[in-house]
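Asks: Using the sequences provided together with the hints, build the complete structure.
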Amino acid sequence: MDKIHDIITHRFDSYTKSHRAVAGYISENYDESAFMTLEQLAAAAGVSTTTVVRFAKELGFEGYSEMQKALRSDLKAKAGLPERFDETSLDIPEDTLLRKCMQTDIANIEQTFHANDLSKLHEAIYMLSQPVDLYLLGMRRSYSLANYAFSHFGQIRRDVHIINATGLNYPEEILPAKKGDICLAFIFPRYSHTTLTQLAYLKNKGVRIILITSINHAAVDRYADLILCCETSSNSAKSSYAGPIALINYLTTAYMQNNKASSMEMLTETEQVLMDNMMLGF
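Heads up: the sequence shown is residues 2 to 283, going by my numbering.
Any given hint could be a false lead.
[Said to hold, decoys possible] Below, in silico cross-link-like pairs of lysine-lysine (DSS-like), each with a Cα-Cα straight-line distance of 27 Å or less: (1) Lys58 with Lys18; (2) Lys101 with Lys58; (3) Lys121 with Lys18; (4) Lys58 with Lys70; (5) Lys121 with Lys204; (6) Lys101 with Lys239; (7) Lys206 with Lys121; (8) Lys121 with Lys180; (9) Lys70 with Lys18; (10) Lys179 with Lys121; (11) Lys121 with Lys261; (12) Lys18 with Lys204; (13) Lys239 with Lys261; (14) Lys204 with Lys180; (15) Lys206 with Lys239.
No lab work stands behind these hints: they were computed from the structure.
Replies: Encoded structure:
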């Protein structure tokens with residue numbers, strides 16, 4: 002049988018609400034889940050023991066005990082960086098590595114496309130188009146996504162702020178945030194506690210949060226007003242961000258289509274500043 006994490010991730014959207022709670026808890030708490038009793042896991046996930054047993058059977062196990070044994074087996078390939086590298090990167094023939102990596106990224110983009118219905122995407126564009134401040138947040142590797150989004154939105158939208166990668170070392174960056182503002186945040190397992198702390202603070206202030214995260218997102222649902230999910234499978238020790246980047250490209254393109262006049266005004270001003278300061282070549 003495939004690893005439970007992989008099974009959960011690819012079936013996540015088909016689960017009931019209670020099964021998503023179990024799936025989310027197991028995915029983010031592999032170590033604890035593998036050694037919990039049925040009652041303990043049910044309590045931790047906030048569901049009944051019957052729900053956990055039914056979830057185990059939906060995964061293809063005869064019952065909870067069999068699923069628990071599989072969880073313990075999976076711990077041998079737990080998501081530590083050295084283990085990920087040893088498991089994924091050393092077994093692909095060199096002559097097929099390029100094709101394998103490209104095909105994985107194409108599959109990630111396809112799965113990201115199918116994971117987000119148009120109503121959610123349209124809601125995200127509506128939120129991003131409001132005349133309020135936009136905060137971009139991502140820590141550790143996810144800061145690269147926040148910075149990529151900033152390089153796009155910063156040229157077509159006013160009042161865009163990127164929260165520094167050092168997080169709460171500079172709390173004044175998020176202190177001005179007010180009720181009605183928007184935060185576009187990026188967070189993927191293993192979750193950054195700094196990001197979660199900042200999201201909780203912003204949400205408490207009334208900031209509306211669009212969360213771009215993994216397809217299995219039950220563990221972080223409470224931090225978001227709207228969730229857009231991405232597949233981030235990879236052939237290496239690090240997750241692939243092809244899916245999130247494609248989503249950012251869509252959001253900025255859709256924003257420009259819905260806000261043509263203001264986007265053109267910002268692009269014109271940006272171009273003038275770049276030219277005046279000789280920041281651009283031919």
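Asks: It remains to establish, for every hint, whether it holds in the given structure.
Replies: Each hint, compared with the structure:
1. Lys58 with Lys18: With Cα atoms ~16 Å apart, lysine 58 and lysine 18 stay inside 27 Å; holds.
2. Lys101 with Lys58: 33 Å, violated
3. Lys121 with Lys18: Holds: lysine 121 and lysine 18 sit about 18 Å apart, inside 27 Å.
4. Lys58 with Lys70: 14 Å, holds
5. Lys121 with Lys204: 19 Å, holds
6. Lys101 with Lys239: Holds, at roughly 15 Å.
7. Lys206 with Lys121: 23 Å, holds
8. Lys121 with Lys180: Holds, at about 21 Å.
9. Lys70 with Lys18: 25 Å, holds
10. Lys179 with Lys121: 23 Å, holds
11. Lys121 with Lys261: This hinted pair holds, its Cα atoms lying about 21 Å apart.
12. Lys18 with Lys204: Holds, because 23 Å separates the two Cα atoms, which is no more than 27 Å.
13. Lys239 with Lys261: Status violated; Cα separation ~37 Å.
14. Lys204 with Lys180: Roughly 9 Å between the alpha carbons, so the hint for lysine 204 and lysine 180 holds.
15. Lys206 with Lys239: 34 Å, violated
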